[in-house]
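In case you want the letters, here they are:
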Amino acid sequence: MTTPKPKEGTGDIATFNIQHGFAEALVRGMRSSFLQDQDYHHLTQCETLDDVRLNLTETDYADSIADFNSLNPTMLQKAAVDKLVTEFKYLRTQTVEPLSTFLDFITYEYMIENVMLLLKGALSGRDINELLEQCHPLGMFKESTMRSIPTFENSAKGYSDLYQTVLVDTPVGPYFSKFLQESAMHRGAHSRNVLEEVEIEIIKSSLIKYWIEDFYMFVESLGGDTATIMGDILKTRADTNAVNITLNSFGTPLNEPAMRSSDRKRLYPAVGYLYPAGTSMLADVSDEDELGRVLELFPSYSAIWSIHASGTGDKSIDDVFYERDVQALELAFESQFHFGCFYAYVKLKEQEIRNLVWITECILQQQKDEIEKFVQVFSNTAPWRGKTR
Amino acid sequence: MAEVPPTRMNQQIFKGKLKAAQGGHKLLKKKADALKVKFRDYAKNISETKSGMATDASSAFFSLTQAEYAAGNFKQKVAEGSMNARIRVGAGVDNVAGVKLPVFTKYETGAVADNQSLGLVGGGKKIVAVREKFTVLLDMLIKLASLQTSFVTLDEALKVTNRRVNALENVTIPKIEGVLAYIGRELDELEREDFTRLKLVQGKKEQEEKEEMKKKEASKALKKPGKENSADITAAFDATDDEDVVF
Amino acid sequence: MSSDATCSSEYCNQGWAEVLTHMSPYGYANFGVAFGLGLSIVGAAWGIWLTGSSLVGAAVKAPRIRSKNLISVIFCEATAIYGVIMAIILTNKIKEPESAGYFLEEGWDYNGYYYAGYGMFSAGLSVGLTNIASGVSVGIAGSSCAIADAQDASLFVKILIVEIFASALGIFGIIVGIIQSNACTFPTFALQ
Numbered sequence: 001m002t003t004p005k006p007k008e009g010t011g012d013i014a015t016f017n018i019q020h021g022f023a024e025a026l027v028r029g030m031r032s033s034f035l036q037d038q039d040y041h042h043l044t045q046c047e048t049l050d051d052v053r054l055n056l057t058e059t060d061y062a063d064s065i066a067d068f069n070s071l072n073p074t075m076l077q078k079a080a081v082d083k084l085v086t087e088f089k090y091l092r093t094q095t096v097e098p099l100s101t102f103l104d105f106i107t108y109e110y111m112i113e114n115v116m117l118l119l120k121g122a123l124s125g126r127d128i129n130e131l132l133e134q135c136h137p138l139g140m141f142k143e144s145t146m147r148s149i150p151t152f153e154n155s156a157k158g159y160s161d162l163y164q165t166v167l168v169d170t171p172v173g174p175y176f177s178k179f180l181q182e183s184a185m186h187r188g189a190h191s192r193n194v195l196e197e198v199e200i201e202i203i204k205s206s207l208i209k210y211w212i213e214d215f216y217m218f219v220e221s222l223g224g225d226t227a228t229i230m231g232d233i234l235k236t237r238a239d240t241n242a243v244n245i246t247l248n249s250f251g252t253p254l255n256e257p258a259m260r261s262s263d264r265k266r267l268y269p270a271v272g273y274l275y276p277a278g279t280s281m282l283a284d285v286s287d288e289d290e291l292g293r294v295l296e297l298f299p300s301y302s303a304i305w306s307i308h309a310s311g312t313g314d315k316s317i318d319d320v321f322y323e324r325d326v327q328a329l330e331l332a333f334e335s336q337f338h339f340g341c342f343y344a345y346v347k348l349k350e351q352e353i354r355n356l357v358w359i360t361e362c363i364l365q366q367q368k369d370e371i372e373k374f375v376q377v378f379s380n381t382a383p384w385r386g387k388t389r
Numbered sequence: 001m002a003e004v005p006p007t008r009m010n011q012q013i014f015k016g017k018l019k020a021a022q023g024g025h026k027l028l029k030k031k032a033d034a035l036k037v038k039f040r041d042y043a044k045n046i047s048e049t050k051s052g053m054a055t056d057a058s059s060a061f062f063s064l065t066q067a068e069y070a071a072g073n074f075k076q077k078v079a080e081g082s083m084n085a086r087i088r089v090g091a092g093v094d095n096v097a098g099v100k101l102p103v104f105t106k107y108e109t110g111a112v113a114d115n116q117s118l119g120l121v122g123g124g125k126k127i128v129a130v131r132e133k134f135t136v137l138l139d140m141l142i143k144l145a146s147l148q149t150s151f152v153t154l155d156e157a158l159k160v161t162n163r164r165v166n167a168l169e170n171v172t173i174p175k176i177e178g179v180l181a182y183i184g185r186e187l188d189e190l191e192r193e194d195f196t197r198l199k200l201v202q203g204k205k206e207q208e209e210k211e212e213m214k215k216k217e218a219s220k221a222l223k224k225p226g227k228e229n230s231a232d233i234t235a236a237f238d239a240t241d242d243e244d245v246v247f
Numbered sequence: 001m002s003s004d005a006t007c008s009s010e011y012c013n014q015g016w017a018e019v020l021t022h023m024s025p026y027g028y029a030n031f032g033v034a035f036g037l038g039l040s041i042v043g044a045a046w047g048i049w050l051t052g053s054s055l056v057g058a059a060v061k062a063p064r065i066r067s068k069n070l071i072s073v074i075f076c077e078a079t080a081i082y083g084v085i086m087a088i089i090l091t092n093k094i095k096e097p098e099s100a101g102y103f104l105e106e107g108w109d110y111n112g113y114y115y116a117g118y119g120m121f122s123a124g125l126s127v128g129l130t131n132i133a134s135g136v137s138v139g140i141a142g143s144s145c146a147i148a149d150a151q152d153a154s155l156f157v158k159i160l161i162v163e164i165f166a167s168a169l170g171i172f173g174i175i176v177g178i179i180q181s182n183a184c185t186f187p188t189f190a191l192q
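Chains as they are written, first to last, in full-length UniProt numbering: chain A, 1 to 389; chain B, 1 to 247; chain C, 1 to 192.
Just chain A, with the same shape it has in the complex (with noise of 0.2 angstroms):
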């Protein structure tokens, strides 16, 4: 679509390691520093969150809080974030073409959340040192550029002004000159009505919309296992915004009649097990009942519906989700010589973040009968590992 096809491809079996070996080796000895079962174990036990930073002292995230005197749910999460981010900004400058291209991909995400938070932010005039604090440290893109997006006049020729010279410089450009070409043509409204009109959610929805369907031809087009990994964790993921999009319109305006074949269906990736026939039918869905009869024609779905339908308040459906990304997440780390791992450290990384988070949450809380319930990355007790051990 934007990003223009890479020059060779990732390599084969007997030839990836000449230009991915090292950086792959990289991730996958980071992928040691991933939590254990017992590091759960003893985390869950904890009473206050003095033991968690004892006991987190035992892990990979030792250097991160060794200089907290106590601990918090936001500091943790933040240390957490710039360990995930230096592993990261590490990696990406040990690889080269098409890998960096990539890891530049997975980084793109988060640029869309800062754009959009910048531009909000903009909106409602705050200060842009205080929303380049909240921004994704993953999402960074250059400085002089992320100051300049808030700077531009509150007006339609000021916002146009900024699409033509500081977005388009940056690698998410392409997708939001693709939204407001979109926008334009389908209520030919300007740039400025289309940010104030519309919400900060369904603009990044679309967003991420078009990132899935670039990311997804990029892998596509690099072809080998990569494409078969990479392209199945992202027509997953493809499908998950589909069904979470349609399950938490409900009860909002994107539900009205109108909007759905022309507002909501703009959301679906065109990418995914569930497009082209899923998604269009998803497009008419306007109550969990009928997205349920939709799903079950797809078998992988009825099974993560049956669960949310079933309603026992015990698994929501994006503990669901959640449960299958981390085993499709998994699944990557278990051939050798393909992108998928870098993709899947990163998201798994997250997933940790989040765990701990709730860990944490849970005991400040007082929460002691909801701690188990968060989804465990390379849990040796894992549903889909059968029994082991």
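Treat the hints loosely; a few may be bogus.
Derived DSS-like pairs (lysine-lysine); straight-line CA-CA distance at most 30 angstroms [claimed, not checked]:
no., chain 1, residue 1, chain 2, residue 2
1, B, Lys75, A, Lys368
2, B, Lys106, B, Lys44
3, A, Lys142, B, Lys204
4, B, Lys50, B, Lys17
5, A, Lys89, C, Lys61
6, B, Lys210, B, Lys175
7, A, Lys178, B, Lys75
8, B, Lys50, A, Lys373
9, A, Lys78, A, Lys347
10, A, Lys235, B, Lys204
11, B, Lys175, B, Lys199
12, A, Lys265, B, Lys75
In short, the hints are calculated from the structure, not lab data.
Go by the hints and put chains B and C onto chain A.
Relative to chain A, chains B and C alone:
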């Protein structure tokens, strides 16, 4: 106390005062009791609300944790959204035994719901749950704020009333009573003095009368002297009678 | 390669078949040495490359693997050594004629002569090609070994066995190569 001239007039005035004070004391006592009942009521209500809120607040914040687990960090997005309040708090007044108590009530401003599609790509349901839970929590918070403010106001009012009751009971009424007693005492004293004086005057008069009689008898005796001696002079003589004669 | 189209003189080669059949057996034998050694070393280098990049990468996070996993590099190196051994054996078998002259002597053993040339060429090629395969195979296994060892030390020995089998492939080559070259003896003088 001493400034009050002990007169009948003052006694009447103070009796009136005492009556008024007692009446006031009774009324204030009633008010204090009414306030106390209300106060207890509020205290009970507050403790109930608080204990209810403890679980509600923890479950609300926990649902926020759950939502953040599912949807990532969405606080900024909420913060960056439009800042038009959907719910505002209005203040009313409640009257308990003449004490004006503030009452907070929640009303919706009718602003358009913002961030409806938050968590569109994941966690939307959880965010809806958070929204519901925090709305309930907000209701409770407003109720608690209302109760708490009323409680403090009531506490103040109760203190003032009690002080007044106590002041009437322990200072004003005893004082008036003291004055009354003083007036009574003084009046009694005066009465007694008058009595003695009257007695003395009477005694004097009697003596004078006696002497008059004596003189008359003496003059009679002069006329008929033997007869007079036959009358028991020594018996009629009283030494003490002489003493009072101060010329 | 049609001879009539491009070249009709008697000094012209009549296609590749003539070029190949007219090559000297000495040439063949030396090419055998070159291919045997060269391809073996290509295999070894390839393997070390595959293993090495993974080894250093994985050793960043798990430094304990670096000396243990040198054994994978040594396995790769072994294929180069097979090539060198074969090259030495073959080189020793190439003997020049005793009486050097412009022509070979009368009664020269052409059968043995050509047999030796072709045999040594094939022996070199057998060793070279098997060693390439072996080297790449050991390299891939070694690469996985380093990564697996970094993750779980108990996997090292298990993958090492796989590596040994991969390495054995090269040994098959060298055995066959030696047998092939056994019967190859260059005649040094004419038969009586």
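Hint check:
no.	hint	verdict
1	Lys75(B) to Lys368(A)	24 angstroms, holds
2	Lys106(B) to Lys44(B)	22 angstroms, holds
3	Lys142(A) to Lys204(B)	128 angstroms, violated
4	Lys50(B) to Lys17(B)	47 angstroms, violated
5	Lys89(A) to Lys61(C)	15 angstroms, holds
6	Lys210(B) to Lys175(B)	51 angstroms, violated
7	Lys178(A) to Lys75(B)	28 angstroms, holds
8	Lys50(B) to Lys373(A)	29 angstroms, holds
9	Lys78(A) to Lys347(A)	16 angstroms, holds
10	Lys235(A) to Lys204(B)	136 angstroms, violated
11	Lys175(B) to Lys199(B)	35 angstroms, violated
12	Lys265(A) to Lys75(B)	27 angstroms, holds
Hints 3, 4, 6, 10, 11 from the list above are not met by this structure, while the remaining hints are.
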